[in-house]
Amino acid sequence: MIRITKGKVYDPINGINGKELDIWVDGGKIVQVGDAPDLVAERIIDAEGCIVMPGGIDIHSHIAGGKVNLGRKLRPEDHRKDVVPRTETTRSGVGHSIPSTFVTGYRYAQMGYTMVMEAAMPPLTAKHTHEELHDIPIIDKGSYTLMGNNHFILKFIEKGEIEKVKSFISWLLKTTKGYTIKIVNPCGVESWKWGKNVENIDQQAADYAVTPRQLISILSQIADELGLPHSIHLHCNNIGVPGNYETTVESMKATGTNRVHVTHAQFNSYGGKGWADIHSKAREVVEYVNEHPNVTFDAGQIVFGDTTTMTADGPWQYRLYLLSGNKWVNADVEMETSAGIVPYTFRKKSLVNAVQWAIGLELMLLAEDPWRAFMTTDHPNGGPFTFYPQIIKLLMSRAAREEMIAQLPRRALERISLPQITREYSLYEIAIITRAAPSKLLGLHQKGHLGVGADADIAIYRENPDVEKVFSSVQYLLKDGEVVVENGIVLKSTSGRILYVDPGEEGDIEEYIREEFEKFYTVTLDGYGVPENYLERGECVSCG
Amino acid sequence: METISATCPFCGCLCDDIQIVVENGKVLEVKNGCSISKTLFTHHDPDDLVPQIEGKKASLEEALDRAASIIRQARFPLVFGLSMTSCEAQRKAVELAEFIGGNIDSTSTFCHGPTTLAMQSVGEPTCTLGEIKNRADLVVFWGCNPVEAHPRHIARYSVSPKGLFNPAGRRGRTVVTVDVRATPTARVSDIFLQIQPHKDYEVFEVLRALLKGKDLRIDSVGGIPLDALKDLVNKMKSCKFGIILFGMGLTMTRGRHLNIEAAISLVRDLNQFTKFLIIPMRGHYNVTGADAVLTWQTGYPYALNFSRGYPQYNPGEFTTVDLLRRKEVDAALILASDPMASLPRQASSYLEEIPFVVLDCRKSYSASFATVFIPVAASGVSISGTAYRMDGVPVLLKKVLDSPHPTDEQVLDGILKRLRQR
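Protein sequence lines, in the order shown, are assigned to chains A and L.
Note that my numbering has the first sequence beginning at 1, numbered continuously upward.
Note that my numbering has the second sequence beginning at 1001, numbered continuously upward.
Bear in mind the hints are in silico, worked out from the structure with no lab data behind them.
Just so we're clear, the structure is a prediction, and the values are computed from it rather than from any experiment.
Positions of the beta carbon are idealized from the N, C-alpha and C atoms, including for glycine.
If the Cβ cut is set under 7 Å, some of the chain A residues that face chain L in the computed set are:
| hint | residue |
| --- | --- |
| 1 | Arg86 |
| 2 | Thr101 |
| 3 | Lys127 |
The calculated lysine to aspartate or glutamate pairs, modelled on EDC-like cross-linking and capped at a C-alpha distance of 16 Å, are:
| hint | chain 1 | residue 1 | chain 2 | residue 2 |
| --- | --- | --- | --- | --- |
| 4 | L | Lys1399 | L | Glu1023 |
| 5 | L | Lys1398 | A | Asp526 |
| 6 | L | Lys1162 | A | Glu518 |
| 7 | A | Lys273 | A | Glu199 |
| 8 | L | Lys1399 | A | Asp526 |
With the hints as extra help, turn the sequences into a complete structure.
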């Protein structure tokens, strides 16, 4: 039994806002909150002068899998700036924009995060994603399975066989040990297999008479019908392109009242006809979100500095290569998806980058409901996750924002509304967007709060007038009730859970697709999926 | 008698459709396999192997003790090989190398290391092999000979299979081979361009110039008439989906990584006109996995050193050939590779001067010189696991036959435990 005492507790799910409360932990769970004269603790953690929050949850981050690893391989120059020696309790590795697996786990834990979702898992290489997740210590993990350009899904939709789409998705989630449906540039990535793209959400894929609008609509409906704990996770068409906010709004509309999560919305909230007149349309995007409770979004905030962009959006990454002239990796995956990687530096002096920086913050600050707005950098696309404390500071302090705005090109100011926004997030709201709301969005009842019965994933931060310092490093981190980080030092390298779903509605789809699968894939159907033994601590989250 | 599904653990094709008929622990038949695969499974007989210390029979415990003692006494040890075992064993090898603060390197050091250097310089537009099957109408083999080195590549992935968007199969594809001699692969190609040795870089740069519409006042380059190269560029620009597959004929000739940079740059430039990609033809069945595991655990794919407690990457300094040629390491742990049979003589001969440990599922040439030899079960024959195909697709290795021997992973763990006990 551990007793955490004298800390100021922020637990929005249970409505606790900075109250001093004891938290009692036993057997990996929270067993009591408040005074408990009958309980005896073996260890007392004195949290005087500390903030106590549930462990952080990152709903969208690229931390594991084929694409991430190609990014690591591509960039020795990135690693050399940030080396991590081994210690008695931890493995060695490298950090900065694409940390090695061990370092990924340690750094999230050191910031007080206890769960991270890998945002893009190609089914064919799902084993690779899970092998890397296995080597990311401490934190719990899950992965979104890429489906927006899958041959079988497009073919069934084209033929109007919606029940088969549903069975196939159910089967694919179970087979890949995925957590939800990820859609990336639907129909566009399929067209990219011939070097093309789609330019709006009503343009058909190159090889199938299916539009992005149809696909988004049908898959959002299926996610709800299957009762997936998380909605579809949508990377919209036309990412990075000036004027793309209209596509983003249309994509949200395509889901009707079905749940949809629009990811890294910053990259999809641009006005203008070209780079010369790019400006913020954050307000237009957020207005739709504010009025539609079925919609959630994450920021995809950029951070000034050098990073490595990587997405399943092959045509966008090619475009970014043409724009930047930097080295370019493309990795098309047969029958289902693609990936691209380009190193990129966001510069304060760049007009476009300055506008992008402001849009991410505008989205977060204009969103009326913090339960539907999530802080991400789309790691590592907008910047490494290790910059979250800096973003928290920008959300909480108008003065900090003004200091940054003063360094931007003056021409940028007329294209953004950030300087006029006065809102400042409270600590309670930070706890919502980084803990409570993510757990709700993922449909998890054991996480994101400190009530009795919750997993004892608890972050304890030392108070400091500089909030960036507060969130950079925990005083203590408890994972499953064990103290794994103390004073920023990783004491113990435990293994986290892998969460996945099995909606159980696949019927006989596997046998139905077998012949066609084995004709056009280059692996056998029986060798395609992820066997149970890849998941050291697998946990199936229930649907419905 | 039973039929078991297997994955062939021989080359980078990692064919996972092999069916093996087994009776009483003996392989009767190998269905779907190439000639190499058939030999591999039918001639697998590990029973007469025993651990040896300095050529004399020893128990496994004695061999592990001696192996640990060699590594413990070394000041600058090398862990080398990795390419013919599972990712699970590779992970353990990294852990061991990190713990001892030594070097770790894979056979990439003498095959596709230059491909990695080129990729780190200019990137790599690539795809999985199924994209070739389903879409390619132009296939270029450059400095590789899959008919002999990757026997089923042509039938299963790159030349003859009918695909989703290429229902005509072989008839729907133009196949070009560029090589220094008329290989069997050249003979099954539509066009064969015989290139002079060491002229690949020049030819790629001429192709790039032609692609950019430059007017060149030469009649030929590298022994290939300019008109033939103009024709090739036109074919490349006008195809719907083109692919270059290249091998050690490009990585290990003069120019090395510069050849690959030129090849990748040509492919990248072609994407202004059409879809064009490139895939290295990796040889050892899990050398791609070695690259992958090292990269996700350390950030770097090969040529690694842990002397400072964190991974340092420096091909030329920490590559095995260079470490041995300069006589820098003072002990070696070799697994899943036969360096004395495959490294340049100047490098491998130094192994005879230092104590070294060999883990192998057969009595390799290196094993016969080893201070300690520990026989292990063969991954993909006697133990299951994961391996990565040449295009990065992870494939399950399956157990077909029992083995009396421990796995690579178990042996490495045994050595590591002894080192930790100190």
